[in-house]
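Student: Sequence:
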Amino acid sequence: MSLPPLVALPPQLQSLADRARQAFTSDQEGLPESLRAAFDGWPDERKQAFLRVCAASDFVAEQTRRDPAMLMQLAESGELECTLKNGELCTDLDSIISTCASEDELAHHLRRFRNRQQLRIIWRDLTRQADLAETCRDLSDLADACIDGAYHWLYSRHCAQFGTPTGRRSGQPQHLVILGMGKLGAHELNLSSDIDLIFGYPEGGETEGAKRALDNQEFFIRLGQKLIKALDAITVDGFAFRVDMRLRPYGSSGALVLSFNALEQYYQDQGRDWERYAMIKARVVGGDQQAGAQLLKMLRPFVYRRYLDFSAIEALRSMKQLIQQEVRRKGMTENVKLGSGGIREVEFIAQAFQLIHGGRDLSLQQRPLLKVLATLEGQGYLPPAVVAELRDGYAFLRYTEHALQAIADRQTQMLPDNDLDRARVAFIMGFGDWSAFHERLMYWRGRIEWHFHQVIADPDQDEEAGPQDACVGGEWLPLWEDALDEESACRQLSEAGFLDPLAALKRLVDLRNGPQLRAMQRLGRERMDAFIPRLLNMASEHGKPDLVLERVLPLVEKVARRSAYLVLLSENPGALERLITLCAASPWIAEQIARYPLLLDELLNEGRLYHPPLAPELAAELRERLTRIPEDDLEQQMEALRHFKLAHSLRVAASEIAGTLPLMKVSDYLTWLAEAILDQVLALAWRHTVARHGAPRRADGSACDPDFIIVGYGKVGGLEFGHGSDLDLVFIHDGDPQAETDGAKPIDGAQFFTRLGQRIIHLLTTQTTSGSLYEVDMRLRPSGASGLLVSSLGAFQRYQENEAWTWEHQALVRARVLVGCKRVAAAFDSVRLAVLGRERELATLQQEVSEMRAKMRTTLGTRETAAGTAANAFESTVPFDLKQDAGGIVDIEFMVQYAALAWSRQHPELVRYTDNIRILDGLEQVGLLSGEAVSLLQEAYKAYRSAAHRQALQKQPGVVSGDQFHAERQGVMRIWRELGLS
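Note that the working numbering gives residue 423 to position 228 of the sequence shown, counting from 1, and the numbers run on in steps of one.
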């Protein structure tokens, strides 16, 4: 957001402006003639800005009085009116301090440089020439320049005195790594901020090149002390930056500097929640940047957990309560940073999401708060309207913070209690008076407090309720803690709607006494004791509470040792409600979540859960996810692919249960998901194989890129993918099988593409902690299981034309290119159309299709009804196989395939599409089937598939009782006979 336009200087500030003008003018006599002339030549706009800035800021007025040349030089150089380039501050400071001969001289120049830049930054901030981002960036860059410049100046002299610190293991010279924390780390420094630092060095050892060797730690402790003094000590020139080292391990009582190993060990063994919070914004601000990057990588697992970490909210809530106690104790309710609705609450909101989700969503591993908020909006964690309010409210508070600090260069976030400074703040913020400004400030604080309460506040705590109301489901706690006898416990369960209270009680007792809970630590057990009453309370409100316990408790037992998941559900009643609803509706979903608890993350956002993205968004989301992972980290890439598949499969299933996705769309989404994954799997496999062997060659000698396609058959080819469907795939290339690749380990093209295919199958089928991606069936390739894993396009064409059986041509009806090279895909389509459009003798075709169908019925159909053809096939006591029995799914598919093979020579549009519904539409359009017959087949097909999907979600085979679908089955069998099939 931008502030309101500048207002006229109010009367109570006019005297300050007059005094500053008089002081500055009287001091002109000591200026060189050139500078005096320059001042006289200032444009009126700059002179007016001078009066406004001096009236608002005692710091600027004092600096211009003490050293008028500083302001004149800034004006003459144009720095007051222009934005600095990246690295400009470092370059300027380095040129100044390179000539320093002593530490006193270094301190003098650091302070002079800081005061000059502080004056420039305040001037640009108060005159609206710099926005919030530029002001914070310049202040952070100024701190970086002073820290790094002072460090390197001191380091060289320290080495001359004590020798060069050298790693015992590496034998390499060692440098200090200076981590900037908090606002400095995030490039968000304010106008008068402390800088929070942590010092580390890569490895132990001793100094070399001096008479007496120093331990590396002792060397860096002495160097760190000198650096702090150079920045922090108050001299006649003031200070450069106040340095706070209390965020280091063990705080003020800890060693000033630790090795990387000691830092890693500390955070691993003793790191506290608030230290995770602080480490989010850690950035290397000085010293060895390369080693610093390694240190941050080492510490990342401490900050960002691989699992969903809702315990972070508990920690942030506790921190907030401590801050509120301190605020009340010290009377700081008027503090725009720490008070209710203050800056810290916006930071807590953003960092709560970072700590919870950042281990898995790498886009949240950022430092600047505004970028994190943008990511929260972009990734769907927070609605755009909420992010907009948080962003604008935060900006208003930060501008206010700068206004408070610009007055006297004093670190304060307290609203002033005197009329003069109140007038200054209102004036700086663009308001005519204090009351108008304060009203707007309180509006933003109210909005931020409200949003903070939604994210961080205890879901059990009703502001109007007493402590006795704090625990949702508290009436269930005695039952869970075994404080009731069996009769009383069963009575309570029965009164709550449980149909078999004894079985429900047994499930709870088995969980309570089971090995998982006995092995839990105290914190985990406390979380379980808080969660189970909440679960029982919510289950009792469901229509089938027995089913809820039966399906949810296995998940609870599975996550007992990782109790952060229990916190997730406790902190998000909406997520728990959705878990109960979905598990009660589908044992398949219950089993998926129990096997892969990371799926609980998907329950947090109801809008996202029930509205999966379209194909382009799916592909883009997966692409973006993988680009955040280093190219050489195959393990994490495979995990990301599997989590993506699991998450979106759950979203599709949830949408199907909720009724927001009809059957045809469910299949579309599951097919699009498979295509998006295959696209990235092909890219990963190609990159790996090329890196190993080089690129294969085309017949003309040019490099393939990749001249390879993945063809989908069956359900994925026909856009009819279901939950748990296998991938029927065929791999085809158009490279030169004889030509060698151009890498360090060359192989011929045929070997290359075979290894590429093997790599693809490996990536798809390997079991990791998140399962496999898909089961892959390659038996539809030329010559089946005995054929080559990857065929050339020419070999595929020859096989289809000369050797393929009719059933293979039937399968080709549903074949389409899923991913790969567009040129080869177009060539494949041409081969497919030519093969399907061949002239065929109808009687022979009818016989071959009928014989193949008869074999399938015999081997796969229901035996007791002769695959649905016997007289008893329509009785309720016998099963009907939705897919294999007569009148079922495969009959419809075979009729569609027969028609495509029989008539596509005359009507090539029949094989334009690969899905049964659109091929049937085509048969009606060309007059080969009546509208009535097409409608019957389409509706029956959709009804069967819908029933099969429901069965899959219930973990049941695709079989229903024989008294169902009478009309559909009889109609399908009638049309089967009318087509001459037997």
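Hints listed in this document are in silico derivations from the structure and should not be mistaken for laboratory results. Where hints are given, some of them may not hold.
What the hints assert, rightly or not - Simulated crosslink set (DSSO-like; lysine-lysine; CA at most 27 Å straight-line):
| # | residue 1 | residue 2 |
| --- | --- | --- |
| 1 | K753 | K860 |
| 2 | K1050 | K1017 |
| 3 | K492 | K566 |
| 4 | K1050 | K940 |
| 5 | K860 | K421 |
| 6 | K860 | K1078 |
| 7 | K860 | K406 |
| 8 | K739 | K701 |
| 9 | K406 | K421 |
| 10 | K753 | K739 |
| 11 | K566 | K280 |
| 12 | K701 | K1150 |
| 13 | K1150 | K753 |
| 14 | K280 | K739 |
| 15 | K701 | K753 |
| 16 | K1078 | K1137 |
| 17 | K1150 | K1137 |
| 18 | K1017 | K1078 |
| 19 | K1078 | K1150 |
Stated by the list, open to error - Each pair of labels, with its calculated beta carbon distance range:
| # | residue 1 | residue 2 | range |
| --- | --- | --- | --- |
| 20 | D828 | A1049 | 34 to 44 Å |
| 21 | D827 | R407 | 25 to 35 Å |
| 22 | R882 | Q1120 | 54 to 64 Å |
| 23 | Q356 | A428 | 43 to 53 Å |
| 24 | A1049 | Q933 | 37 to 47 Å |
All C-beta atoms, glycine included, are put in the ideal place defined by N, C-alpha and C.
Student: Of the hints given before, which are not true for this structure?
Tutor: 1, 2, 4, 5, 7, 14, 18, 20, 21, 22, 23
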